[in-house]
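Undergrad: Top line first, the protein sequences correspond to chains G and P. Okay, so the first sequence: first residue is 1 according to the numbering used here, each after it adds one. Okay, so the second sequence: first residue is 1 according to the numbering used here, each after it adds one.
Hints listed in this document are in silico derivations from the structure and should not be mistaken for laboratory results. Do not rely on the hints blindly, as some may be mistaken.
Given that identical chains are not distinguished, each listed pair holds provided it fits within a single copy or across any two copies.
[As the list claims (entries may be wrong)] Below are the EDC-like pairs computed for lysine to aspartate or glutamate, each with C-alpha atoms no more than 20 Å apart in a straight line:
1) 86 <-> 73
2) 86 <-> 76
3) 52 <-> 161
4) 94 <-> 76
5) 122 <-> 210
6) 195 <-> 237
7) 86 <-> 191
8) 21 <-> 76
9) 52 <-> 210
10) 94 <-> 191
2 protein chains.
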Amino acid sequence: MEEGIPLVIPEVNPEAMEGIKVGMGKGALIANPNCSTIICLMAVTPLHKHAKVQRMVVSTYQAASGAGAAAMEELELQTREVLEGKPPTCDIFKQQYAFNLFSHNAPILSNGYNEEEMKLVKETRKIWNDMNVKVTATCIRVPVMRAHAESVNLQFQQPLDEDTAKDILKSAPGVVVIDDRASNHFPTPLEVSNKDNVAVGRIRRDLSQDGNQGLDIFVCGDQIRKGAALNAIQIAEMLL
Amino acid sequence: MEEGIPLVIPEVNPEAMEGIKVGMGKGALIANPNCSTIICLMAVTPLHKHAKVQRMVVSTYQAASGAGAAAMEELELQTREVLEGKPPTCDIFKQQYAFNLFSHNAPILSNGYNEEEMKLVKETRKIWNDMNVKVTATCIRVPVMRAHAESVNLQFQQPLDEDTAKDILKSAPGVVVIDDRASNHFPTPLEVSNKDNVAVGRIRRDLSQDGNQGLDIFVCGDQIRKGAALNAIQIAEMLL
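Here chain G stands alone, though its shape is the one from the complex (with noise of 0.2 Å):
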């Protein structure tokens, strides 16, 4: 991600492509965030409108293709293996991925962060444009297809109830709210995949935080979709 480029989703900070309009006959460039920033972000950024998110802490479990089409067969093929009984075949992922579960194979940099961690911290920087937004991320691979999911923690500046919350987010654009604790509904990688909309539930106020400024939430979203191909579109979109 290049200094100075934007970084855009449409229902988020449309106010980015105003630059790129003016300078289209110059070869400008936009960039689609990152699969995971796109996915917290639809749902977190509602809520930051309305109460300015102070600091984020994010959980990911990030599936197979978000490393492309292979890494989805090959987590497929190792399944089938190990369910024989032999080998997994190990091309993309240097390990067992059927069945288990790792830390993000991003190249880690100095500060312990791995890449796909930063981009996360950066990319929500920019897009808010708050440079002094507080963002830790650990990002994780789980053994599912094509949905991510993240388990999001937040600190507001002003205070923000659950059920407010939840209202703001049952009316975000690209946003749909699965949250049935009776029936213990919430969103899940398969119910979103194929799907534009990012789910978020498990709204609820946050008991480590005093007052009424912290919410807890998780969110799934396609990661193919929303999370790559179709904000690429939306964008598009915006500039015909």
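Mind docking chain P on chain G? Use the hints.
TA: Positioned in the frame of chain G, the structure of chain P alone reads:
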């Protein structure tokens, strides 16, 4: 978890055994903490003793074994069925578990947390004998067979840099450090399965906290071994 019954993790709070030894002839009870609590506190407590945890944010990646042997069998059966294009058998879990993940099936309480998460919150306070420590948790079931993983974000009262934290963990009882940034080698459920030690890695300074009082870590532990049976045996051995 009833009030007044001591919870014991031998490496963490052996002093809780004192009351038991006194009361043994009177039919005293002791309890094994929850699996996710044990695995988390095995790694975090040595750091807590050094710099006092003020707040802890946990996101879990819990294996099928936590729901019993039949749950492990259902995950395997479902995986075979899904690979053959058949609908998955859902007797124990009411949804597809193969290649999927979901919010823990434990009942949701009125505060929006499920019982598994509240165990982590309450048991941490009890085991550390600190009713003020702030803990939040999101517990997620992932399609892994027998070891839990946990992403843990920590806020300390005293400064604690990542190198000191790593040294503390290297000498912590029942804990092994797997933290190789160069080769991107960190704890995985597969690697700790059938082992007694809890593994910890991704030890790094939390960029989202000012100063040097925040850490992020990733922990894995065999849910059946240290998460349950081994801990119980260790408690029993202390009584003999």
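Undergrad: Taking the hints in turn, state whether each one holds.
TA: Status of each hint after checking the structure:
1. In the homo-oligomer, the alpha carbons of residue 86 and residue 73 lie at most 20 Å apart both inside one protomer (17 Å) and across protomers (18 Å), since each shortest distance falls under that limit.
2. In the homo-oligomer, the alpha carbons of residue 86 and residue 76 lie at most 20 Å apart both inside one protomer (13 Å) and across protomers (15 Å), since each shortest distance falls under that limit.
3. Proximity of residue 52 and residue 161 under a CA criterion of 20 Å is satisfied intra-copy only: 13 Å inside one chain copy versus 29 Å between copies.
4. Proximity of residue 94 and residue 76 under a CA criterion of 20 Å is satisfied intra-copy only: 15 Å inside one chain copy versus 23 Å between copies.
5. Only between protomers do residue 122 and residue 210 lie at most 20 Å apart by alpha-carbon distance; the minimum there is 17 Å, versus 27 Å within a single protomer.
6. Taking the shortest Cα distances, residue 195 and residue 237 sit within 20 Å of each other inside one copy (19 Å), while across copies they are farther apart (54 Å).
7. With identical chains, the CA atoms of residue 86 and residue 191 are at most 20 Å apart between copies only, with a shortest distance of 17 Å across copies and 31 Å within one.
8. For the homomeric pair residue 21 and residue 76, neither the shortest alpha-carbon distance inside one copy (43 Å) nor that between copies (52 Å) is at most 20 Å.
9. For a Cα distance limit of 20 Å, the shortest separation of residue 52 from residue 210 qualifies both inside one copy, at 16 Å, and across copies, at 19 Å.
10. Taking CA atoms no more than 20 Å apart as the test, residue 94 paired with residue 191 passes between copies only; the shortest distance there is 13 Å, against 29 Å inside one copy.
The earlier numbered hint that this structure contradicts is number 8, and it is the only one.
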